[in-house]
Amino acid sequence: MINLELPDYLDNLKTQMKGFAEGLLRPIARKYDEAEHTYPVELDVLKGMPVMSRPKKKAGEEKPKKGAERKNGSNMSQAVTVESICWGDVGLMLSIPGAGLGNAAIVAVATDEQMERFGSKWAAMAITEPGSGSDAGSIQTTAVLDGDEWVLNGEKIFVTCADRCDAVVVWANVDPSAGKAGIKSFIVEKGTPGFTLEKLEHKLGIRASDTGTFFLKDCRIPKDNILGSAEVKKSTEGFKGVMKTFDNTRPMVASMSNGVAGASLEFLKQKMEEAGIALDYNENTNNVSAMQKEYYMMEANLEAMRLLTYKASWMADEKIFNNVEASMSKAKAGRAGTLITQKVCELLGSMGFTREHLAEKWMRDSKILDIFEGTGQIQHLIVARNILKLSRNELK
Amino acid sequence: MINLELPDYLDNLKTQMKGFAEGLLRPIARKYDEAEHTYPVELDVLKGMPVMSRPKKKAGEEKPKKGAERKNGSNMSQAVTVESICWGDVGLMLSIPGAGLGNAAIVAVATDEQMERFGSKWAAMAITEPGSGSDAGSIQTTAVLDGDEWVLNGEKIFVTCADRCDAVVVWANVDPSAGKAGIKSFIVEKGTPGFTLEKLEHKLGIRASDTGTFFLKDCRIPKDNILGSAEVKKSTEGFKGVMKTFDNTRPMVASMSNGVAGASLEFLKQKMEEAGIALDYNENTNNVSAMQKEYYMMEANLEAMRLLTYKASWMADEKIFNNVEASMSKAKAGRAGTLITQKVCELLGSMGFTREHLAEKWMRDSKILDIFEGTGQIQHLIVARNILKLSRNELK
Amino acid sequence: MFDLSLSKEQKMVKDSFSKLVKDLIADNAHEMDEAGEIPVSAVQKAWELGCSVSGVPEEFGGYGMEDSPILSALVLEELAYGDMAYAVAVTAPSLFITPINDMGTEDQKKALLPNACTDDYHVYTMAMCEPHFGADAVSLKTTAEKKNGSYILNGVKCFAPCASQAEKMLVSASLDGENNLFVVEKGAAGLTISEKEKNLGLYSLETNTVTLENCEVPADARIGGDKGVDYDRVLARSRVAMASMAAGMCRCSLDIVKQYAVEREQFGEPIAHRQSIAFMIAEMAYETDAIRLMAWQAASRLEAGKSAKREAYLAKLYAGEMAMKICDYGVQILGGHGYIREMNVERLYRNARSIACVEALSMA
Amino acid sequence: MFDLSLSKEQKMVKDSFSKLVKDLIADNAHEMDEAGEIPVSAVQKAWELGCSVSGVPEEFGGYGMEDSPILSALVLEELAYGDMAYAVAVTAPSLFITPINDMGTEDQKKALLPNACTDDYHVYTMAMCEPHFGADAVSLKTTAEKKNGSYILNGVKCFAPCASQAEKMLVSASLDGENNLFVVEKGAAGLTISEKEKNLGLYSLETNTVTLENCEVPADARIGGDKGVDYDRVLARSRVAMASMAAGMCRCSLDIVKQYAVEREQFGEPIAHRQSIAFMIAEMAYETDAIRLMAWQAASRLEAGKSAKREAYLAKLYAGEMAMKICDYGVQILGGHGYIREMNVERLYRNARSIACVEALSMA
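Residue numbers (the UniProt record's numbering), protein chains in the order written: chain B, 1 to 396; chain L, 1 to 396; chain P, 1 to 364; chain C, 1 to 364.
Worth double-checking, as some hints may not be accurate.
List time: in silico DMTMM-like cross-link candidates among lysine to aspartate or glutamate, alpha-carbon distance up to 25 angstroms [what the hints assert, rightly or not]: (1) K389(B) with E269(C); (2) K389(B) with E265(P); (3) K180(B) with E265(C); (4) K31(L) with E34(P); (5) K141(P) with D112(B); (6) K396(B) with D27(C).
Derived from the structure by calculation, the hints contain no laboratory data.
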């Protein structure tokens, strides 16, 4: 039955996570924005925090105790958690030990044995290459089976947590002749010979996060380190499977954007209230101040971002195919979040251009959320192809 | 030497035309919006008004009398005139005897003989066909030379002034095998056997204007009624020539949008001032009312629309190839004009939804200006292909 | 839990209205718009599905089901998917019934609801909007003055749906600075109702200007008695209704362009193959979702008896802006064809603007 | 006549600054930004082209050319095309020289201009912005009070370009509700200048917070004497400067994406072949034009000695909004690569926001 109110336990989770973010992350947000790439030791306490836990069974499947109401699943909890933590700081969220996007991939497709071996490791995600950004299907990194080992060769860029992670989920092609169908993902542990971290990038935002480039030169890993089946199907089903990872990670990135935009708006609201500009959600926007109207419109957008994210997450929990909704949530949240953080700086005037406040930082941080895990353009492409039933050759 | 101030004589022209529009057009704007398709007899007095006169020589070429400063050319005068008249009413502007887009085409490419024969006629423009809207190159109407006559066959839709005009400039293909290269334009006079007005369209806006559909069935016209050369070149130069018409008409459509948006903004400003909301172009927009900020932003957009239109027009006067700038002006003015007229209705609240005021009409009228003479999407395509130096096959 | 799935009942009601609209309205909306009127039979058929009365207790003539803003939101989206003017005409009585059923005194319910909840559709409505510049539903110029036991109403209202045929209507007015609702009967002294107003859109819907000149109504005409109504809740329910109708219009525009874009060929291919068109359609799709979700969020709070002031305010604000954008895209994608009134996107372009410009055309 | 063609002189000046930027800045802007400073030699070279002094009469050390806002607009666009921080540093003295040359008394010109118009670049600047929420250049919190012959200044200023090295600066303050400019000398009692401020952008530009505590300046420190300055004209000239720098940044972002989009291949083709990318670039192109034309329009009026209050206000407003949008597109089109600081679009994204957030960083 339709009900868009968060259950109390999710509300409490939100409050709890926000409190944690306020107490632990906010105070050090600026510090690690300036100390780019330095590992935030303050985050050690979070090792093994279940940001990235195995999805529960379908909400319905849990036999509810008599009278006990159905509960939302892990994707909804994640949406609430990630937003709250990123309200504190998205760069630090990306630095939480064990909360890498690679972990999301492992959680999504790993066997129980692999969960056993890698579930507790901090896993980064390595997809992008110098020559392939949006076009994940064109990656050049190869994996060749040699006896009981895969031999990987290639270069990976824009790897989040490159320096700090214990392992990296590397996308590589086991059969270039088969094109996309040959693309599989492999878990490569740090310290594996031939696996080297080449450099770390200086970025516009999320500077607390160590984004780096890896070289794989005749890098040998155990046969069992492949995620999913090694078989190369004629169809691109296999690749679609790999891409399916994104159906989990995209709403997560949308949640990050909700968190950053929420932080930015909240700061503006606070300054407005200090200046005696009240928000009563009452008067017609034709009769309020410019500041109030801009605020209302941004808050409305934040609600839209959040609800689209919840929808995609709820569908995942209900085991409803959410490929389109996942992209919708990221397309909207990524774009609107960036615009909100930019607009807040405009409305803050001089306070929006100084590093004495975090507003300028949020405008830098939010921008990546409309880019990584698929740019806004790619999200629109996925949505449009789906709803118009067009192939990738028809709608390029 | 850079100077973006209109010379006095253009300022006076603007004032004069606006006065005329206010006195003659505004009072009957609503009348003919409701009496859809009825010819506004009040416009008879304008027969032969030189809205569409032959371009002067390049401003520079006129030997200026000693000490006389250089003057702007006819395209600038047209930009000012068209905007001022459309500030009065764009539907009526399109109904001014002799000011059809066909006249613009004739003015642009007609021989002196043709000017002699058709210069004084009210000429409509017939390009679009049921199967070809943006894709003018795909028109199916054919023209076959039979002795001293062209024989035309086909169907034309969305012809402005279909009912009232004396003649129609019809686009037809003289050699379908040659594709676009075979497309030429012909002057077909009303009453020519085989040339029938099929129906008039009921539209969202510009209802004073009679938009109609023509059938051409074995319609015979004199050999000399072809505009430009009859020769079919290998290259598509010929077609490009026909398309060049648009370099003149697009800034004209942009001017129409400037006029409608200006009227809408002026009405809002008047209501604001009556309510004691002053506009002093002084305070930071962070400290004004929502109404004021929205107004300032819209006025800034109107300035942008207008200046881009002036630029394209000035270039035409200076005989500088303005294909890109013509499309830029229409892309910006067409879109921003539509948004302004919509926003004004929002800001007017209940006054924006009633037909007691013209604001709602301007929101309907302006919409066509982002569509005809090439949609905003087509304009962006033209601009992008040019600045990125891409062929129509590279950037589809 | 947070749940987006429809209950059996919600699904059933949604489907029945969806079918009704498909059968009666979808193909006739344009003709209705041009003709400037809605066939009484079409209104009666929707009425018989109980759209306005299901939440009213049986003793007062209703179905005795739960008074459900969520269910109303679902119904309004389906009706507006067919035609917003139709949605407003059909549910105009909700503007009268819902506030009374929700906040009226027992005597008022007894006295007013039974006649409004009959098997046959009778017009009951509300006069909320005002015609002046800067008009605002929360700072009304229409006033009520207490005068020896009764109230004297003065002011001008506009966009009152079907007011000329209304047996009774609720009029919003400020009483000592407090916003209240008063019942005004047809033909009351001092009450003047204009000819049908001419509007930007909703051609087939009759709306009227309602003028009150020293219009005297009895003490019990004040809804909620001496404590008045929860005016915020009245506005919230009407704003959820506006947002839900916006979602219906946007979905309609989206469905039209989805079909058109894959069928219409230019430059040798369907225009849907062009990113500029396809991306607009993608945006239309998720913004339509967003509008609906925001309406549902506010409705969820209302259903739980909580305040939805903020949620409903933002939902209507967002819907007002986005519905215009989406329905503008609808016309743009069809190009010249979209500018022709035979094409439904044209009507949607005009009707969509009402969401931002007008208040209280229906109740969720 | 309405004319968009450059005169010989305008062309010559534009080209010389364009060449300077190409030779000295284009390839070094990122390093300057990371290093947080601008080489003095680079500033001196631009200075020698006479950017700030050409309009000053020879008797006061200038070139005795016409004081031309249009020429300044051209220069500022070229400088900002290379780097906005550089443009501000190079032209900071204009913030001091221009208002005095334009509106100072003869004595003030004689006394103040020669030292500022030397062959070597010396820092002179202005302190206009204020750090509080709702800060507004036309309603200053900084006050000037007349007290036995001299003026007492109190208030806090921020984003004063190069203030820590300034020989003298102009400070805007409200005197009996009238906005005025006052000359404040280095080391004046009551004057405190902060460390280099840390900002969102313009890393290589030093800006400072300037605090005035009962800072006493002589009577003749008030620019324009007893009648003060035409403050609207001061703001107008500074706003034309902001808009012109915005045009330069946008043109730079545009040129970068134009090249990147045709070279970068994804899905087997240059990304420029995709309408979503190509249309963004088209928009960047005409909005950049629009920003420039609006700056030129205001400059044309200033050059003719007319008021450009409205035109300059709208030009800066538009530039502030559009520069952000365009430079955002710049990063978006480069995707992940655009997020890396080595790429100039990244710096432009940060610097572009200054146009809306900050006032009076230069003078046209």
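The hints, checked one at a time:
1. K389(B) with E269(C): holds, 23 angstroms
2. K389(B) with E265(P): Since the Cα atoms of K389(B) and E265(P) sit roughly 16 angstroms apart, the hinted pair holds (cutoff 25 angstroms).
3. K180(B) with E265(C): Holds, because 17 angstroms separates the two Cα atoms, which is no more than 25 angstroms.
4. K31(L) with E34(P): holds, 18 angstroms
5. K141(P) with D112(B): violated, 69 angstroms
6. K396(B) with D27(C): Violated, at about 35 angstroms.
Figure legend: structure checked against the earlier numbered hints; hints not met, in rising order: 5 and 6.
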